[in-house]
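**Q** Taking the hints into account, I'd like the entire structure generated from these sequences.
Chains as they are written, first to last, in the working numbering: chain A, 6 to 323; chain B, 5 to 294.
Quick caveat, the hints were computed from the structure, so don't treat them as lab data.
One thing to keep in mind: the hints can contain errors.
[Stated by the list, open to error] If you want the footprint, here are the derived chain A segments under chain B, 3+ residues with CB under 8 angstroms:
1) 107-118
2) 160-166
3) 224-232
4) 264-275
We treat Cβ as the ideally placed atom computed from N, Cα and C, and that holds for glycine.
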Amino acid sequence: MGLTGYVLRRVGLLVVTLLAISLLISGILELLPGDAAEQILGAWAERSGQTLAAMRVRLGLDQPWHARYLTWLSGVVHGDLGRSLALNQPIAPLLVERLGYSLRLALPALAIAGLASVVLGVLAAARPNGPIDHAITAVTLTGVSLPAFVTGSLLILVFAGWLRWLPSASALLQGEGFAFWMRMLALPIATLTLESLAHATRTTRSSMIEVLKAPYVRTAVLKGVPRWVVLFKHALRNALLPTVTVLAFNFGWMLGGIVIVEQVFSYPGLGSLVLFAIEQRDLPLLQASMFFVASGYCVANLVADVVYALLNPRIRYA
Amino acid sequence: MADAVAASGAALPREVARAPGRPATLLVGGVIVGLFVLLALVGPWIAPYDAEVFHGLAKMKAPSGTFWFGTDRYGRDVLSRVIVGARTTVTMAVAGTALGLLAGALIGLLSGHLGGVVDEVLMRLMDIVMSFPSLLLALLVVAVLGGSTANAVLSIGIVFTPRVARVVRSATLGLRGAQFVEAAVVRGESDVYIVFRELLPNLWPPIIVEGCIRLSYAVLLSVSLSYLGLGAQPPTPDWGLTVAKERAYLVLAPWTVLFPAGAIVLLIVGVNLLGDGLREWLVARKTVRE
Chain A
6 MGLTGYVLRR VGLLVVTLLA ISLLISGILE LLPGDAAEQI LGAWAERSGQ
56 TLAAMRVRLG LDQPWHARYL TWLSGVVHGD LGRSLALNQP IAPLLVERLG
106 YSLRLALPAL AIAGLASVVL GVLAAARPNG PIDHAITAVT LTGVSLPAFV
156 TGSLLILVFA GWLRWLPSAS ALLQGEGFAF WMRMLALPIA TLTLESLAHA
206 TRTTRSSMIE VLKAPYVRTA VLKGVPRWVV LFKHALRNAL LPTVTVLAFN
256 FGWMLGGIVI VEQVFSYPGL GSLVLFAIEQ RDLPLLQASM FFVASGYCVA
306 NLVADVVYAL LNPRIRYA
Chain B
5 MADAVAASGA ALPREVARAP GRPATLLVGG VIVGLFVLLA LVGPWIAPYD
55 AEVFHGLAKM KAPSGTFWFG TDRYGRDVLS RVIVGARTTV TMAVAGTALG
105 LLAGALIGLL SGHLGGVVDE VLMRLMDIVM SFPSLLLALL VVAVLGGSTA
155 NAVLSIGIVF TPRVARVVRS ATLGLRGAQF VEAAVVRGES DVYIVFRELL
205 PNLWPPIIVE GCIRLSYAVL LSVSLSYLGL GAQPPTPDWG LTVAKERAYL
255 VLAPWTVLFP AGAIVLLIVG VNLLGDGLRE WLVARKTVRE
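**A** The following block contains the structure:
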């Protein structure tokens, strides 16, 4: 079976998974006390049973939940995710807009973390248990032990509070241009990067140490190839495989972790939208945004698997 | 390999990234975690002040001899709040992990032992739950049930169940065909007997190791939920909650944020060290036996 077959199989599996996820979300939300009609009418709903019943009919809430789920699903297939109750606007464009904001955090963070983790991992593996290795280990392990909101708060304290270089919150800022975006995004991106750096660095390190034991590396060293060429050209090429996978999965992880980072910096991305939906008990928005983020997560994982298969032909025949 | 990485999902970045341990890891980790458990148990009685009392004349005071960790904007003693605040985080993390281990081990044992359709159905179900980013799944659960310590515990348990179930299932499969299991089958023992009396006693090491890995992640999840206002509720002096509430005073009174944040980090480091130490100890013990 070739790569195409592998990808097709994985995409088929993805569709099934997304269906199951949407079922799970709507099933769980079904447990929520009260419904959208009561949300809209608020306290008023208590008194006027007739209005409530009419609103239920209008929103289709008089239907059994499987009928409502099917309506919702066919809407999703047609790109209609319903209307937000709290914001009183269609959800789909809102999600796309917020996704743009979130990607502006996640993609640069991924790129920086990727580059930095490769360099740090190779440096650490060059002399295992040497001072550089220990320093890098200490820094990356600290990174893992710090929850995103602690890292974010520390960065705010240092760069916004003491040094006054950067703003502490993004939401209040208005402006345009590259410089503006850099100021707005620097700290959130730094936080996300630090959160995902550790894992990729340690993966590169252990994978490099493994590859450096290979006979062909010894051959390269013995024939007098400069050390950095051996490290970055001969060894890295083979050691990179696990790192690439880890980074792709990190992207999926970021979609979840971004909720915290966006909250810390009051950044108007997808994560804050999910939290807003929870706070407002905005059911349609909650259902749609949860599904949207979970889909993104699954797609990121799929891409990770496909990238891995591309780089490592052995996996396709598994 | 790729699928195996996918299986452990979002929790992964924190799990594999561990330092090679040293003999002292178990001891240091144990002492740190023990200290926090002690604070969780007796915190309110050993705190120098009442964590809720407003010292009206000492608002936002920097750390001093009277208030070692300073005071917050209401004049509450930060040290006392950090000590008393240990309880919610430790309870949520430990209870959530325990719940996840219990449910996960049960499902993993059943799935691995019974095999066939039961195995297939249970594992696909676990796959679906795992296809959510873990924080998002926890958010979904607390969104439905409302933010509280108990619901945070439940959500952590739900997030952990499929991950534990996978580990326990594969460990159970490893015992498939072992002589003592076959002997029990031949004796005509019931499935319940085989699962709990034959399989479970042999699966403690992987379950304990998994529990330690989970515990570190549970601390992270519970402080994150509290930070988002969906875990511990005010007026509890919970650490995550405090870091969120004092955010606006971060620059004016950094100690109100730095000390609870430091407590969180110290606890996570302690749990990581304890987990690494325990894992090494179990591996060493196994090697000696064999």
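**Q** Now, for every hint given, state plainly whether the structure supports it.
**A** Structure-based check of each hint:
With 0 residues carrying a beta carbon less than 8 angstroms from a beta carbon of chain B, the segment 107-118 of chain A misses the three-residue requirement, and the given coverage is violated. Counting residues of the segment 160-166 of chain A whose C-beta lies closer than 8 angstroms to any C-beta of chain B gives 4; at least three are required, and the coverage claim holds. For the segment 224-232 of chain A, the stated coverage by chain B is not satisfied: 0 residues place a CB nearer than 8 angstroms to a CB of that chain, which falls below the threshold of 3. For a cut-off of 8 angstroms, the count of residues in the segment 264-275 of chain A with a CB near a CB of chain B stands at 4, and the three-residue condition holds.
Consistency note: the structure conflicts with the earlier hints numbered 1, 3.
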